[in-house]
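Student: For reference, the chains in residue letters:
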Amino acid sequence: MSSSSTTTTTTRLLMLKASDGVTFEVEEAVATKLGAINNMVEEEGSEDLICLPNVNGKFLGMVLEWCKKHANNNTNSDKGNDEVNKWWDKEFVMDLDQNTLYHLLMAADYLSGTELVDLLTEKVASMIRGKKVEEIRETFKIKSDFLPGQEEEIRKKNSWAFE
Amino acid sequence: MNFDSKKKTTSSTAILPDDVILEILLRLDAKSLMRFKCVCKSWKSLISHSVFINLHRKHQLPYTVFANSLEPSEILSIGHSKNFNKISELRFPLVDFKSIEGSDSGILCLSGDNDTIYLWNPAINQVRKLPSPPISGFRLGFGYSTMTNDFKVVAVELFKLFDIPKPIEERLIKNIGKLSERLAIYAYDGFTPGPKHYPIFQIWVMKEYGISTSWIKHLKIKLPSSSAIEDPRSQFSNNGDLGFTNDGCILISSAKGLHLYDPKNKLIRHLRRQTMGCFICFHDYAESIFQIEE
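Protein chains in written order, with UniProt numbering: chain A, 1 to 163; chain B, 1 to 294.
Derived from the structure by calculation, the hints contain no laboratory data. Worth double-checking, as some hints may not be accurate.
[As the list claims (entries may be wrong)] Taking beta-carbon pairs under 7 Å as the criterion, some of the chain B residues facing chain A (in silico):
(1) Ile24
(2) Leu28
(3) Ser32
(4) Met34
(5) Phe36
(6) Lys37
(7) Cys40
(8) Gln126
(9) Lys129
(10) Asp189
(11) Arg272
[Claimed, not checked] Beyond 10 Å from chain B on every Cβ pair, some chain A residues (computed):
(12) Glu25
(13) Asp48
(14) Gly61
(15) Asp82
(16) Trp87
(17) Asp89
(18) Val93
(19) Asp95
(20) Thr121
(21) Ala125
(22) Arg155
(23) Ala161
Since the model is a prediction, treat every value here as computed from it, not as a measurement. Quick reminder that beta carbons are idealized off the backbone N, C-alpha and C, glycines included.
Construct the entire structure; sequences and hints are all you get.
Tutor: Next comes the structure, spelled out in structure tokens:
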């Protein structure tokens with residue numbers, strides 16, 4: 001917190017506006033868990049309304065829910081916090097369908113929520129571990145751009161990995 | 001700050017940006033990555049890139065590898081922290097194998113008969129036989145050089161003599177190794193009194209490399225008497241080694257098998273039964289996708 005601030009004990013509220021116009025009123029301490037918001041607050045200082053044209057309300061809401069939970073858990077100086085956070089993180093990602101997961105991941109990446117990106121990328125990694133190449137192309141909407149024969153050559157070289 | 005630099009992603013099927021794909025791939029196991037080289041050209045060049053390979057190894061979980069003294073080609077690996085129950089067997093594909101000389105960045109350096117030296121990456125199934133060194137009767141050093149992005153095997157003929165810590169008798173030294181990047185000595189420190197004699201181990205580390213006066217006693221391990229080990233005195237008198245996990249636990253080989261000792265709560269756990277031979281050559285290990293074939 002800056003030294004010129006006279007409100008160190010009062011919580012400052014920020015207004016975040018998503019691409020679809022939905023707004024969220026969030027405590028500064030919660031929102032600044034996101035690197036991008038933190039930078040904006042530091043750079044622009046007095047600005048209370050922050051527009052986020054690349055995130056829609058649904059996913060911004062979910063990202064903020066995560067930030068709030070972690071900010072709350074971290075204020076209790078309890079040692080079991082890490083465990084609580086881990087348990088809560090597990091719940092948070094458990095039932096996400098692929099599309100929600102991807103949009104959430106993009107929102108977290110765009111907002112530089114490093115810890116949340118870690119959590120979500122780990123979740124995606126756990127979902128694709130052991131999958132077939134064709135399933136990966138389908139999942140990530142990737143078209144093979146190998147010339148005929150090239151793919152077979154890589155497969156042959158690493159044939160054990162396909163067993 | 002310009003927030004419009006990235007593409008708008010409002011379509012129903014999300015396409016993840018490259019930096020996110022990178023983060024996901026860094027968290028995958030070696031086998032999946034070798035397979036996913038086939039997905040497309042950009043994935044193949046990403047997975048083959050030395051920067052990616054170096055980043056990937058830093059994301060891998062820590063393990064300890066070790067060998068059985070009677071069946072050295074049976075190399076075992078055990079995960080640290082919460083993975084302690086996961087012991088897997090990594091079978092070295094060649095027969096003439098004597099011991100694990102070193103481990104770095106997912107590559108094991110092994111020695112075989114007649115001074116043969118092998119490099120082995122178990123995670124991607126690659127073995128390379130190195131040309132025999134022109135000298136014999138040497139000790140091997142092995143490591144990854146970040147300067148040259150390559151592995152180096154050093155045959156050591158010249159030795160430097162260090163005094164051992166004063167309170168330790170030479171015959172009680174069980175092993176010499178590395179603990180938190182420092183030279184360490186593991187030695188017996190007698191047995192506990194009572195009806196059952198449990199061994200006491202002591203561990204010394206050299207605070208400043210090469211300075212014999214800088215030896216300090218790091219830890220004393222008294223195996224708890226509740227640890228249901230029958231006849232501990234004879235059990236621990238074999239030639240098994242000690243190993244260290246990155247979270248400060250100690251792996252101990254006895255005539256009955258492998259045990260894990262946690263100095264924090266002074267508890268011992270039995271990890272694997274073994275009545276033939278003992279466990280030797282404990283080394284840190286984490287998977288990597290470094291290529292070692294020519």
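Student: Indicate, hint by hint, whether the structure satisfies it.
Tutor: Hints, one by one, checked against the model:
1. Given the 7 Å rule on beta carbons, the hint for isoleucine 24/B holds: about 5 Å separates it from the nearest Cβ of chain A.
2. A least Cβ separation of about 6 Å between leucine 28/B and chain A falls short of the 7 Å threshold, and the interface hint therefore holds.
3. Given the 7 Å rule on beta carbons, the hint for serine 32/B holds: about 5 Å separates it from the nearest Cβ of chain A.
4. The interface hint given for methionine 34/B holds, since its Cβ lies 4 Å from the closest Cβ of chain A, which is under the 7 Å cut-off.
5. Interface hint status for phenylalanine 36/B: upheld, as the beta-carbon distance to the closest one in chain A is roughly 6 Å, under 7 Å.
6. A hinted interface residue such as lysine 37/B counts as satisfied when its beta carbon comes closer than 7 Å to some beta carbon of chain A; here the least separation is about 5 Å, so the hint holds.
7. Satisfaction of the interface hint for cysteine 40/B is found here, the shortest Cβ-Cβ separation to chain A being roughly 5 Å, below the 7 Å cut-off.
8. A cut of 7 Å between beta carbons decides the hint on glutamine 126/B: the least distance to chain A is about 10 Å, and the hint is violated.
9. Taken as an interface hint, lysine 129/B does not check out: its beta carbon lies about 19 Å from the nearest beta carbon of chain A, beyond 7 Å.
10. Given the 7 Å rule on beta carbons, the hint for aspartate 189/B is violated: about 33 Å separates it from the nearest Cβ of chain A.
11. The restraint placing arginine 272/B at the interface with chain A is violated, with a minimum CB-CB distance near 26 Å, outside the 7 Å limit.
12. Non-interface status of glutamate 25/A relative to chain B is upheld: no Cβ of that chain comes within 10 Å, the nearest being about 20 Å off.
13. A cut-off of 10 Å between C-beta atoms confirms that aspartate 48/A is not in contact with chain B; the least separation is 16 Å.
14. Its beta-carbon lying about 16 Å from the closest one in chain B, glycine 61/A satisfies the requirement of being farther than 10 Å from that chain.
15. No Cβ of chain B comes within 10 Å of the Cβ of aspartate 82/A; the nearest lies about 13 Å off, and the non-interface call holds.
16. No beta-carbon of chain B is positioned within 10 Å of the beta-carbon of tryptophan 87/A; the least distance is around 14 Å.
17. The Cβ of aspartate 89/A lies farther than 10 Å from every Cβ of chain B, with a closest approach of about 15 Å, so its non-interface assignment holds.
18. The beta carbon of valine 93/A is kept farther than 10 Å from every beta carbon of chain B, the shortest such distance being approximately 14 Å.
19. Every beta carbon of chain B lies more than 10 Å from that of aspartate 95/A, the smallest distance being close to 18 Å; the non-interface claim holds.
20. Separation of threonine 121/A from chain B is inadequate, the least Cβ-Cβ distance of about 4 Å not exceeding the 10 Å criterion.
21. The Cβ of alanine 125/A does not lie farther than 10 Å from every Cβ of chain B; its closest approach is about 4 Å, which violates its non-interface assignment.
22. A Cβ of chain B approaches the Cβ of arginine 155/A within 10 Å, the least distance being about 6 Å, so the stated non-interface status is violated.
23. Separation of alanine 161/A from chain B is inadequate, the least Cβ-Cβ distance of about 4 Å not exceeding the 10 Å criterion.
The structure fails to meet hints 8, 9, 10, 11, 20, 21, 22 and 23 from the earlier list, while all remaining hints are met.
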